[in-house]
Amino acid sequence: MDPYLKSLSLFRRRKYEQCIEICNELLNNNPSLQGPWELKMRAMTQRVYIDDIEAEEDAVTDDPMDTEILATAPKPGTSLRTATAIKAGQRTASSRPRTSTGRPLTGVARPGTIQQRAGTSSLTGNRTALQSGRGNTARNIRLGSASIFSLSDNTFNMSRLNPSVFAMKSTVAKILFQVLYYHEGDVKKALDLCNAVMELNKTEAGWWWLTQKGRCLIAIGNARLAENSLRSSLKLLPHPDTISLLARAYCRIDQPLAALEVCKIGLEKLPNDISLLKQQGRIYELIGNLPTSVRTYKQIIQLDPMNTEALSCISVHYFYNYQPEMALVYYRRLLSMGLNACELFCNIGLCCLYGGQLDLVFSCFQRALRLAISADQKADVWYNISFIGLNIGDLDFARRCLRICISLDGGHASALNNLGVIAMKKENSTKAKMYFNLSKKLLPENDEIKHNINLIENKH
Amino acid sequence: MSKTRWLDALSDGTAGLKTISSCMSVCDLKNDNYYKLIAAEISFDLEIKPRLRVYKGTQVVHDQNLPGIPSAVESLYIDETHPKMPIVAVSVGPSILFYRNMKPYFKYTVPSLIIEPLEMEIWKKLVSDRSDNYQKHIDDLKSINTSELSTLSQQLITLNDDEREFFIRDNMEPKLERLPTIVAMTKIYKSIEEEKSSNCLIIATESSDILIMDVQSFNILHQARVCNFKATPDLLSASGSFQNDFKIVIATREGSLCILRKNWLEGREIVKLENPATAMCLLQIDQTIVVLNTVLAMTFGKLGLEDHVLVLVTNNGSLLIKILKRTAEFSEPLSVESKTTEDSTNMTVAIPKKTKIFIEQTIREKENASAIHNIFQSELWRMRLEAAKTTIDILRTGDSTFSGDYQTPLKLLAQVDGLGPDFLLTVTLENISATKIAGNLSILLHADPEHYKIKRRYADLSPLMPGIPLEMDFQVSVALTPDNLLPSDMTTENSIIRVLIIKENLSKPLIASTVVMPQPELQLLIT
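These protein sequence lines are chains A and B, in that order. Per the UniProt record's numbering, the first sequence starts with residue 1, numbered consecutively. Per the UniProt record's numbering, the second sequence starts with residue 1, numbered consecutively.
Just so you know, not all the hints are guaranteed correct.
Said to hold, decoys possible - In silico negatives: residues of chain A with every beta carbon more than 12 Å from chain B:
1. E21
2. R47
3. Q178
4. H239
What the hints assert, rightly or not - Just so you have them, the derived chain A footprint on chain B, three or more residues with Cβ under 8 Å:
5. 103-109
6. 359-370
7. 374-380
8. 383-393
No lab work stands behind these hints: they were computed from the structure. Values in this document were obtained by computation on a predicted structure and should not be read as measured data. For each residue, glycine too, the CB sits at the ideal point set by N, CA and C.
With the rest of the complex left out, here is chain A (with noise of 0.2 Å):
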């Protein structure tokens, strides 16, 4: 067979590094091949191409440098920063655990750009460090971290490529964006390839190298310039990339509402479209409306029944409104569609554990534990397990179990607070108060952390 298309045939199975392999050897032999270069691109590209549309919206967080806030007293449901304040009087929020930056808790982790815990600088294992003061410098780099799969190869340096050169070549050009923006994580280089074909064809860019823009004034942090790039790209084309695009340029300048109302005039153009209505479901999320967003997910089950966020968050939200059995069927619909990680058995066990169905709960724990890889994972697990403890009185097994947590990520403030609370059940208040001084610190926003602390304070 003919190496380039026995190539073509290794990309449409998927089977990136192989077709790599194969486009270096054809390359080495004639460096002027047009069609091997591009595949070789396209399919560095798909090995590490993450959507990043789909990945987890970062937290709106206070960026010293950042000039362009405009209110700093919000009002109430117009902001991300102000969502926990709105919601804390309504009970079913309240009573649906929050995240560290105080956000009710997502049924999904979606892949983050960045690392998942604000400031904890990449803490795996076993996580001593403290919230870092490192602030969002990392923001803006390696979305797929390509950085892993850095193969030996010296085909072509990036760092020396002209953008307005390959501008010209409208083939590669898209091609070549994806593998900087993707690939190669030099977004700032993308933005630059970017404008130069815009200010080759002028007003004949068409949306997708406007959106594109918008994408990397997005990734560096600049979003109201991208808003008026993908304004105009939506005036071309009302492509649902762009008004999620859009949507989420929103949201980093703290305007849900906004972003609200352009995924619902997307909706008007293109009815249904499951990733607007994921977006809204979102940031419906964020701004602490679960109703609205459980409403929204319930839609995109009816569109989609496969759909693994819309199930896992509503799932989440009769979890957490006392109807685990609710929970577990979703929880179950999402195992039966070949789930199997870790964090959905820990689910189903929680769910048996609360739902009184007792033979389950340890199955599916152990379960969750075989498939834990990371220490995080474990320590999750294992936090879970305690909770059996707990609520059969066997304060000693919860104990170790937390201890477990502890020693797996030593960050684990609820897995602290609890060693507190059993503390205090045991009557040993100056290793309560050490605890729960330590979740304190881990963290500071805690509404249930602060009130153990007082408690303790008054009793003594």
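Following the hints, put chain B in place on chain A, whose structure we already have.
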């Protein structure tokens, strides 16, 4: 405070009104929005006939005789035609007298009850048997329960021997009737629950029946028993409308409270009181009013032009009318403290809807209870074992931020600051024991020298007091290659520094914790 809520409108000691609560009613008798009090005067002297009086304000505007001792007075609206004129129903014995414009309008008698066949036979014999052998027949009559006898028979039994013959002779063609006495009446709305819309009359009889009557056609719409056992009604209270839903609460002389709802053929007992209830009223207020004499009867409602008026009749015949001030405030201002307790006690737990799955799961749980329990217990032991094993592993490796040594319990915290390649590693060590001082400790940082340069790797520590954390800073920098690149074999997985806390004379470290270092921001270095 309580004094300001009521206005004494009238205190007439000479009214000479003797009545009971059920024989008082207030209504807009002339449809002039001036509510009047209708009361049946029942004298304790049997010679004086009972009278029906209407008070306008404090004046008697109408006074008429009643044919017998009334048991209840109720005013109601019979239709929706205008002008809205109420009719007054007065129950006397087994009959109800309806008055319209205070003129006799209709007399309704409740249907007769079934007569015992034995009683009929005895009467036949009494009438046909010319012999003077009454005594045997009367003894036969006495064998029947008195309450199941007709009025005629009851009268016969109570007569003296010499009077009986005349009595039987007077009743040669006996009309045996068992008419139950009406004991209480109340009203509900027919369909629209609005003031002055048409009503249905509810009648409670001595024979434990509850009758609901349509006062337009004088038909019985619904008949029900008070309770499934013998219970004589005494007081009635009702709410709702006949067509939608209604509730009738019946207090019985036996002391039980029964509830009767729409379409029920029999009331249900809800409360059993030790003593029969003497008065039943829907209480809107909670207040004590001091009256000099014993209160005989009272009613509450609209009177005159006022909305809330309490009418009291005392046992010496005084009529007292008290107006509830329109500005009267009965909810007490809550103090802050009681408010918070209120909040916590009133907090309703949001109980979710019972789903079908929930019920199915519960059934499964019930059916396989023992099997589920056994599985749970055996698996629990397995999990305890696993937890213990993992704990031992952690203790052995010291791979924790807590020291597992009981002699020197310690807690380690680490924080990494900086953008790289130079980092500041701050280690916080705290003695978590309550009393003991932790001494003879030292700290060692261990990292691949190809990856990290550490200025000070080892330090002896001063003795640690309980509860006072010790903070130490360590300067760590990434060992960059000459052309400012990361070491080639350095990945995110192996960029770690191990922090060891060592105690003198101990072969293994107390804590051997791993700090995962962030990737340095080399871009900043280049630009």
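So, going through the hints one by one against the coordinates:
no.	hint	in the structure
1	E21	holds, 22 Å
2	R47	holds, 18 Å
3	Q178	holds, 21 Å
4	H239	holds, 31 Å
5	103-109	violated (count 0)
6	359-370	holds (count 5)
7	374-380	holds (count 4)
8	383-393	holds (count 7)
Checked against the numbered hints above, the structure violates only hint 5.
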